[in-house]
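Colleague: This is what each chain is made of:
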Amino acid sequence: MTSIDDLFVRLKAEGKKAFMPFITAADPNLGFTRKVLRKLNQLGCSMAEVGIPYSDPIADGPVIQASYTRALGNKVKLHDIFDQIALEKPNLSMPMVSMVSYAIIHRQGPERFVEEAMKAGFAGAIVPDLLVEESGSLAKICTANQFNLIQLVTPTTPRERALKIAEQSSGFLYFVSVTGITGERTELPPDLVERVSWLRERTPLPICIGFGISKPEHVKMLAPVSDGLIVGSAIVKLMEQAAVSEESALAAIEQLVTSLLPAAGN
Amino acid sequence: MSLAHPQEANKNLTETTATKQVPDRNGRFGDFGGRYVPETLTRALDELVVEYDRAIKDPDFQAELNELLHRFVGRPSPLYHAKRLSKQLGGAQIWLKREDLNHTGAHKINNTLGQALLTLRMKKTRVIAETGAGQHGVASATACAHFGLPCVVYMGSEDVRRQKPNVFSMRLMGAEVRPVESGSRTLRDAVNEAMRDWMSSVENTHYIIGSVIGPHPFPMMVRDFQSVIGRECREQCLSAIGRLPDTIVACVGGGSNAAGMFHPFVDDHSVRLIGVEAGGRSSAAGDHASPLSYGSPGVLHGSYSYVMQDEDGQTSDVHSMSAGLDYPGVGPEHSYWKDSRRVEYTSCRDDEALGAFDFLARNEGILTALETCHAVAKATETAKTMSPDQHLVICLSGRGDKDAGELARLRGQAW
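The listed protein sequences correspond, in order, to chains B and Z.
The letter at position 87 of the first sequence is residue 87 when you use this note's numbering, and the numbering goes up by one with no holes.
The letter at position 236 of the second sequence is residue 236 when you use this note's numbering, and the numbering goes up by one with no holes.
Read the hints as simulated data drawn from the structure, not as lab findings.
Among these hints, one or two may not hold up.
As the list claims (entries may be wrong) - If you anchor each label on the Cβ, the simulated ranges turn out as follows:
| # | chain 1 | residue 1 | chain 2 | residue 2 | range |
| --- | --- | --- | --- | --- | --- |
| 1 | Z | LYS20 | B | ALA243 | 50 to 60 Å |
| 2 | Z | LEU120 | B | TRP198 | 28 to 38 Å |
| 3 | B | ASN145 | Z | GLY405 | 53 to 63 Å |
| 4 | Z | GLY286 | B | ASN145 | 29 to 39 Å |
| 5 | B | PRO62 | Z | ARG161 | 16 to 26 Å |
| 6 | B | TRP198 | Z | GLU47 | 21 to 31 Å |
| 7 | B | PRO189 | Z | SER239 | 51 to 61 Å |
| 8 | Z | SER239 | B | THR143 | 26 to 36 Å |
| 9 | Z | ASP24 | B | THR143 | 17 to 27 Å |
| 10 | B | PRO158 | Z | ASP53 | 14 to 24 Å |
| 11 | B | ARG159 | Z | ASP268 | 44 to 54 Å |
Stated by the list, open to error - Computed, partial: chain Z to chain B, Cβ under 8 Å:
| # | residue |
| --- | --- |
| 12 | ASN26 |
| 13 | ASP31 |
| 14 | ARG35 |
| 15 | ASN192 |
| 16 | SER200 |
| 17 | VAL202 |
| 18 | ALA240 |
| 19 | GLY298 |
| 20 | VAL299 |
| 21 | LEU300 |
By construction, the Cβ of each residue, glycine as well, lies at the ideal position given by its N, Cα and C atoms.
Next comes chain B alone, as it looks inside the complex:
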């Protein structure tokens, strides 16, 4: 059992849904990343997803791209991120997962990456460019280390394949709401609820929905059919202000999270 497994057992018993903000590490600096994590934890977020900035993020929309560019512009290194997260970890009761390109994992070596990520306090990783067919060797290392490898299902994933992905995933299953890149949407696909419900009846794994979620009405619509919701670009957009004023960025993030949390039943 990882801390993520524990979290979903607890939430289920309490009849609650996970609320999971995504933030970019080191935008604009790691000190701010630590402050945001502390704030999210205080506000009662179930888990945090920490994006490791990558130079060529093809699944990301303009908001997260710009955030990654700002972080990398300050020449931040992976070991700096791990070091600072490790220092903050004792102050956090919520689990953390990393969102990281396989380009970065490969360069470190999968064993070393998992070892360092765990040392930093991460309970798992979401690797958006690692398909289930290519994930075998990393999955093995993750299993051996009790580190969750969270895989993704999208609207273009055929149903049989979705079941196969669910079998290979651990911690939870990341259900991508839209055919597209990350970023806020005013409307989500009409068949999303039906697709998630279908899969949820067929896998014991918790299912969390992400991409495009930014409004309380999205959260209200999706919370009943899922086990958790991920909000990324809407929060990352607010992080940009931190370069000018960390206080105002934190306040804006607090305001958004507080507006979304109750909709998730928390």
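Given the structure of chain B, go ahead and fit chain Z onto it with the hints provided.
Modeller: Relative to chain B, chain Z alone:
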């Protein structure tokens, strides 16, 4: 010599293992290739594998493509004996495989017509493409105009600046050129942006990748469409020289003209194959675009191949004066050929390529694309070490009209 290091011994063992029968069904060329993309694209890539397989077994598809290549593109492209150039150098006989004489002025059209036909077979109604030098953009715009498909071309804004004539041509044929302002504003950023478009549009859009890069099946499919270069060249050599050439030289950015030229010769062990990367200003990091010469294996744009990355896996900035070679990655089959030692890879600096431009212009009356000039420079160097009864072929992948303005700028001349 009996105490070879075990690793050296292994390398020697793999030397003979390069085969034409790659990739495997997972898109692997040895260790290289594969598919590292978001799940959203998987279904479209699987459909493409199926449709491509059907198409190449369909005589009607082959007939239609061959007819187009013949009457629309002007194939076969000539194999031209550059006698004056050969005499000047005093070494091997130099032959030019004239892909620059194709319609649209480069080899890129061989691939875009094939993929446009596949687009229609898959009943997709829109095409996107990335371009560096603009040759693939022009070839995509051309194929789309020919078939009546809407076409959006992503192009780094730095490349829009340095390859203006091609931007104008694309627009004349009805394509929409979208300048990309992110990152280094070059080919790599254009690929990122095209991939992002495809993430949202994949259900009705086909992405015509212009080189032997990207996720499976692109590296295989683009190589196959470009292999018409090598197949023709092989026949033309047999008929003109009476035997296979001794050496073939091609430039390598993503590596499509080289892959198409080399692949039909992979089993012909008497033929020395040389790929030339962009050496830029120097061999210092950031000054060149030579992943096979100075990089290491990693993941970029959907496949596992040699790449210029830092120790964290972040893609490094690269430089080449030629937009088509200004790319930090390379096709996975080239990585496979490098590690199996079937192909020798070397690099050529900006100034050497510029010298080759003038040399070919003045001695043969051919203006050559700056990309291709890298191959010409290394080929002339190699030819000098060979004897006049030997034969060297250069893949003359594109013509240089598009570079006139940039050449003038580089030399501080009026244009």
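Colleague: Checking each numbered hint in turn, tell me which of them this model violates, lowest number first.
Modeller: 8, 13, 18
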